[in-house]
Amino acid sequence: MDNSTEKDEKPLDFIRQIVVADQESGKHATPVTRFPPEPNGFLHIGHAKSICLNFGIADEFNGTCHLRFDDTNPTKEEDEYVRAIKEDVQWLGFDWGENLFFSSDYFDKLYDFAVELIKREKAYVCGLNAEEMRQHRGTLKEPGKESPYRNRSIEENLELFTAMKEGKFDEGTHVLRAKIDMASPNLNMRDPVIYRIMKATHHRTGDKWCIYPMYDYTHCLSDEQEVITHSLCTLEFEDHRPLYDWFLDVLETPSHPRQIEFARLNLNYTVMSKRKLMQLVQENHVQGWDDPRMLTVSGLRRRGYTPASIRNFCAEIGIGKRESWIDMGVLENAVRNDLNIIAPRVLGVLDPLKVVITNYPEDKTEDIKAKNHPQNPDMGSRSLPFSRELYIERTDFMEDPPKKFFRLGIGREVRLRYAYFITCESVVKDEQTGEILEVHCTYDPATYGGNAPDGRKVKGTIHWVSAKHALKCEIRLYDRLFAVENPDADKDVDFKEHLNPNSLQSLPNCMVEPSLADLAPGDCVQFERQGYFCVDLKDSSPGQPVFNRTVGLRDSWAKRNK
RNA sequence: UGGGGCGUAGCCAAGCGGUUAAGGCAUCGGGUUUUGAUCCCGACAUUCGGAGGUUCGAUCCCUCCCGCCCCAGCCA
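Numbering (numbering that gives the first Met the number 0), first residue to last: 0 to 561.
Hints are supplied without guarantee of correctness; some may be wrong.
[Said to hold, decoys possible] Computed cross-link-like contacts, BS3-like style, restricted to lysine-lysine with a CA-CA straight-line distance of at most 27 Å:
#  : residue 1 : residue 2
1  : Lys353    : Lys320
2  : Lys108    : Lys167
3  : Lys26     : Lys9
4  : Lys471    : Lys456
5  : Lys198    : Lys121
6  : Lys403    : Lys458
7  : Lys26     : Lys118
8  : Lys26     : Lys273
9  : Lys178    : Lys121
10 : Lys121    : Lys85
11 : Lys9      : Lys108
12 : Lys118    : Lys108
13 : Lys140    : Lys118
14 : Lys368    : Lys458
15 : Lys275    : Lys537
16 : Lys403    : Lys558
17 : Lys353    : Lys370
18 : Lys370    : Lys458
19 : Lys178    : Lys167
20 : Lys320    : Lys140
21 : Lys144    : Lys108
22 : Lys402    : Lys368
23 : Lys118    : Lys275
24 : Lys490    : Lys353
25 : Lys428    : Lys368
26 : Lys402    : Lys456
27 : Lys164    : Lys178
28 : Lys467    : Lys428
29 : Lys370    : Lys495
30 : Lys402    : Lys558
31 : Lys164    : Lys140
No wet-lab data here; the hints were simulated from the structure.
With these hints in hand, go ahead and build the complete structure from the sequences.
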């Protein structure tokens, strides 16, 4: 009858539809999902999409979500990343509770499963080297050739596999392979490698093992061990699903999770692969994994993005199977929307220009009352010191401005936010360079607070700060890291060629209202008429904040002047 | 005819045989405003990659065609 309440419900994506269907059919009362990062780099916004999906489903349907580190390759993985990944997942607002796992937790079980495969004549030790194996694999259009070692006896395989485990062979001399079908049109099914010899120290198991299981083999069995119901991964693993199912079927495991693939996130003006992010860090194109220009979770955090804004972003872009490119503007919009609600408004001047109020007493200081949030009285107000000498934004003054410039110009009157109307009388210039040094104005004492008793209107309101009370500080403005929409588009051009040389602009001489000395690292504010800024987590010190611009305000004035 | 996937507006994305083809971003108008912000209103696909077919009726089912993405690591 009345479907008005249903109207604004966001439709379920295809994965959630499957979860609901499984719930309704009784297949799974509650879902168990997992987020399975490899600890070989920092998490980025693409991982955030997966985290929000997996943990989100668990939250919404009364299930659980495991955090499982997929650590099957000891040569690439490090503890430092484990620590950072945990911090990022928590910061995003998710809790794995007791469910913290490592694929390496299952190394013993995985080994037993491999022995079982051999006994079922579904795996064999192969002595082909990497190059030979590549040749035997065939091509996309031609079937592969069977390995000469394919029909070894169970006993021989068992003996050889034990020897592999005991370190009796060198790396690369033997592998354990699944015995499936060398003629399969799906290359993943052409007797894939299950175990390889790696004489490396593992970050958790140390030197216990010198053979390590491969991803395809490990992942399905780890999921199975944890009784995962829905194993969500990205599209490129679609071709691996038959193999995922094959291992579970052959081993007749009690549980058989369902792998479901979705499209990874692409954002324009950035790169998303861990390898490329790593390169930017190692070659010092950025100042670390948490550089505010990086779309890593830690970079976004340092940039001033809130966890809620990232979650909202992920919810907004949805889940599907289409390869899509999201505009960076959508991400920026997500922070604006969140910060617009929660960020206190303050006054700060990025590029200071001195203003002298010639008819204001030399030694006088007044308190000006300013709202902390014009739309939210609950956020209260504060007082701003006002005196004869002020700073305003250099871009808010033009000697001979065009008509539509609603700011200060010679002979023009504007409002100083919350303070007084001022009229510009003259400018003082550097005789050599012509640079404007000072602007001389008069104020109307009757306009205290920003309203004229005679009812006269003023077109513009500009921000300001009292010169002798201002806190001088550094503010960093960030722009997109790349100058083109898709830095990866041309395979013949290195993506780093497209780095935006102006992605970081540091302003060391900004003047902000004095109350900002009390801010703590991570606090965010809106500098009115400028944008949202946060106190840098690393480079700020007590009483001396360094600000990062998270994102600018929408600016229809700048837009029309393009 | 290797195999697997995907095509709805500038960018995302609902839609599940009968809808005025949701919603968001962007864009363009208008209003409010002591932030050129926010907020509020309005405009924005006769059409769903193309062509056929099934059906009273197709974005949705079938066929063919076109386009894009993924796969030949002892990476994940």
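(request) Provide an ascending list of the numbers of those earlier hints which the structure does not satisfy. (result) The structure conflicts with hints 1, 4, 7, 8, 10, 11, 13, 21, 22, 23, 24, 25, 29 and 31, although it agrees with all the remaining ones.
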